[in-house]
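There are 2 protein chains.
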Amino acid sequence: MEDNGPLNDALAATSAAIERVLDPILARNGGPEDRVVEAMRYSVFSGGKRLRPFLVLASAELFGVDRPQALRVAAAIECIHCYSLIHDDLPAMDDDDLRRGMPTVHKKFDEATAILAGDALMSIAFEILSSDETHSDPYVRLELVKHLARASGHRGMVGGQMIDLQAPELELDEMDVQRLQQMKTGALICFSAEAGAIMGHAGKQARASLHGYARDLGLAFQIADDLLDVEGTEEQVGKAIGKDQDAGKATLVGLMGVKRARKQAQILADQAIEHLAQFDDKASLLRAVAHFVINRNV
Amino acid sequence: MEDNGPLNDALAATSAAIERVLDPILARNGGPEDRVVEAMRYSVFSGGKRLRPFLVLASAELFGVDRPQALRVAAAIECIHCYSLIHDDLPAMDDDDLRRGMPTVHKKFDEATAILAGDALMSIAFEILSSDETHSDPYVRLELVKHLARASGHRGMVGGQMIDLQAPELELDEMDVQRLQQMKTGALICFSAEAGAIMGHAGKQARASLHGYARDLGLAFQIADDLLDVEGTEEQVGKAIGKDQDAGKATLVGLMGVKRARKQAQILADQAIEHLAQFDDKASLLRAVAHFVINRNV
Numbered sequence: 001m002e003d004n005g006p007l008n009d010a011l012a013a014t015s016a017a018i019e020r021v022l023d024p025i026l027a028r029n030g031g032p033e034d035r036v037v038e039a040m041r042y043s044v045f046s047g048g049k050r051l052r053p054f055l056v057l058a059s060a061e062l063f064g065v066d067r068p069q070a071l072r073v074a075a076a077i078e079c080i081h082c083y084s085l086i087h088d089d090l091p092a093m094d095d096d097d098l099r100r101g102m103p104t105v106h107k108k109f110d111e112a113t114a115i116l117a118g119d120a121l122m123s124i125a126f127e128i129l130s131s132d133e134t135h136s137d138p139y140v141r142l143e144l145v146k147h148l149a150r151a152s153g154h155r156g157m158v159g160g161q162m163i164d165l166q167a168p169e170l171e172l173d174e175m176d177v178q179r180l181q182q183m184k185t186g187a188l189i190c191f192s193a194e195a196g197a198i199m200g201h202a203g204k205q206a207r208a209s210l211h212g213y214a215r216d217l218g219l220a221f222q223i224a225d226d227l228l229d230v231e232g233t234e235e236q237v238g239k240a241i242g243k244d245q246d247a248g249k250a251t252l253v254g255l256m257g258v259k260r261a262r263k264q265a266q267i268l269a270d271q272a273i274e275h276l277a278q279f280d281d282k283a284s285l286l287r288a289v290a291h292f293v294i295n296r297n298v
Numbered sequence: 001m002e003d004n005g006p007l008n009d010a011l012a013a014t015s016a017a018i019e020r021v022l023d024p025i026l027a028r029n030g031g032p033e034d035r036v037v038e039a040m041r042y043s044v045f046s047g048g049k050r051l052r053p054f055l056v057l058a059s060a061e062l063f064g065v066d067r068p069q070a071l072r073v074a075a076a077i078e079c080i081h082c083y084s085l086i087h088d089d090l091p092a093m094d095d096d097d098l099r100r101g102m103p104t105v106h107k108k109f110d111e112a113t114a115i116l117a118g119d120a121l122m123s124i125a126f127e128i129l130s131s132d133e134t135h136s137d138p139y140v141r142l143e144l145v146k147h148l149a150r151a152s153g154h155r156g157m158v159g160g161q162m163i164d165l166q167a168p169e170l171e172l173d174e175m176d177v178q179r180l181q182q183m184k185t186g187a188l189i190c191f192s193a194e195a196g197a198i199m200g201h202a203g204k205q206a207r208a209s210l211h212g213y214a215r216d217l218g219l220a221f222q223i224a225d226d227l228l229d230v231e232g233t234e235e236q237v238g239k240a241i242g243k244d245q246d247a248g249k250a251t252l253v254g255l256m257g258v259k260r261a262r263k264q265a266q267i268l269a270d271q272a273i274e275h276l277a278q279f280d281d282k283a284s285l286l287r288a289v290a291h292f293v294i295n296r297n298v
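Taken in sequence, the protein lines are chains A and B.
FYI, the numbering for the first sequence is 1 to 298, going by this note's numbering.
FYI, the numbering for the second sequence is 1 to 298, going by this note's numbering.
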């Protein structure tokens, strides 16, 4: 068993730092609109692995990017991630009551508030990215906005979710499911890893390497997630399990079987690490993440 | 009766031009994710007054802004407006079956698709604004992104909707309702009128005048909308009427009575027009809009 200490410390530090950035940004107003602010805070401050923010910070470090600025980009991406979780959990979507061991936003508040909290988290993400506190170069800020908009929209995250919802009626093969996952979760994970390169004015090759790393990492992450859904316990995972199978959802685990899927996740994690060769020791935490995502049990 | 010919022509021209801009932007992909693209197109291409895009174009013209660029900003704002309508109509929110005389998106498609279509319309709006096709000056693009994010978020449109949903349990007075309206619909209307000033590098005073104009116009518009809800027919308005009263929603018409409210709308429209004095004849369409919003019957 390898030592995950440094990675665990880094993940915990990321989580605390992100929360410090978001606390004043999600300040209450004092009016009745604060109900939606409470729902946004409930979602954003409820823990989670903070994988995406971590990828932003780790990639930013490769290029010597100012950490307070990288933290703002990380916070923006986490807002988008949380919005997607809130909307995905709604009764009309995946209908989940539990997330990270806690009631989902529409259970804790109500459906209308959950829809609005997701919407407002998306707005605040773009507000954060457009601010000059996030980067001194306006072209960098614009590129971050453009990429996040693309990664989250109908050709990215939302498009993937749209396919996922129709999966029971579609006959998806392994390639189709891989495309679905790349859209649904991969696009935002790729953006997270590339964000540091964008902020650091990195060259094309470095950026392409991080893209390749994140692409393989995202797929490995998704397979690990699907394996947990099949093999984990609700207590361990913090949300309802066995749901994907029940809903007839297409997963690579369902198509490949547990054994082949686990092997595939390992191959993808190894591949992800190969993309990092040029970064030498500076990328050790990014390598550790690749091991972590396929060995995690939460 | 005044001649609304030039205004009606301009509104119709705006609508056609916006649709030409959005058609390729909302291109189908060819995959099963196109279900969400169809829902986005259904919402965006279903007519509507196009008041917000019109305000963008009319204010842009005051400062000699390139029309194709102003059209892109107008299209982005219309995407945000349509997203808000789709989400507002959901069963968990206002639960409306009819919009502009047609089934609402969740009725035509389903709730999950409607939620996703709204989400993706928000993403595409920010993608449009961040593109260099929208303006050559990166600081202008960033300011547009920042303002749209603010106007649409928890301190703007979403915050207003959050108050509106709680209105039956809150004892709102006229000032509270005015604040609610300024957030819920006013913020986006103000941004629409200011967008031309931002694009045209207008001075502070010109921009403040357009802000004042739009603020009064937005409130007049909302009172007119509430009067239609009380006095109009479903056929005329194209959506269910009498709903605000039934839902116990706070409206200025409910608080002031029909007669005082109609007078207030007139005062606001006059005030809106006074803000335009410095623009002379160039602002004639903006003046016509102020008359139009309080005299419209759709």
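Hints were generated in silico from the structure; no laboratory data involved.
Fair warning: there could be bad hints in the mix.
The list makes no distinction among identical chains, and a pair is therefore deemed to hold if it is satisfied within one copy or across any two copies.
Straight line, CA to CA, 30 Å or less: simulated BS3-like cross-link-like pairs of lysine-lysine [as the list claims (entries may be wrong)]:
#, residue 1, residue 2
1, Lys204, Lys259
2, Lys263, Lys282
3, Lys107, Lys249
4, Lys49, Lys146
5, Lys204, Lys107
6, Lys204, Lys146
7, Lys282, Lys107
8, Lys249, Lys108
9, Lys249, Lys282
10, Lys249, Lys263
11, Lys107, Lys259
12, Lys146, Lys263
13, Lys204, Lys108
14, Lys282, Lys108
15, Lys49, Lys282
16, Lys259, Lys249
17, Lys108, Lys259
* Hints violated by the structure (numbers, ascending) -> 1, 5, 7, 9, 11, 12, 13, 14 and 17
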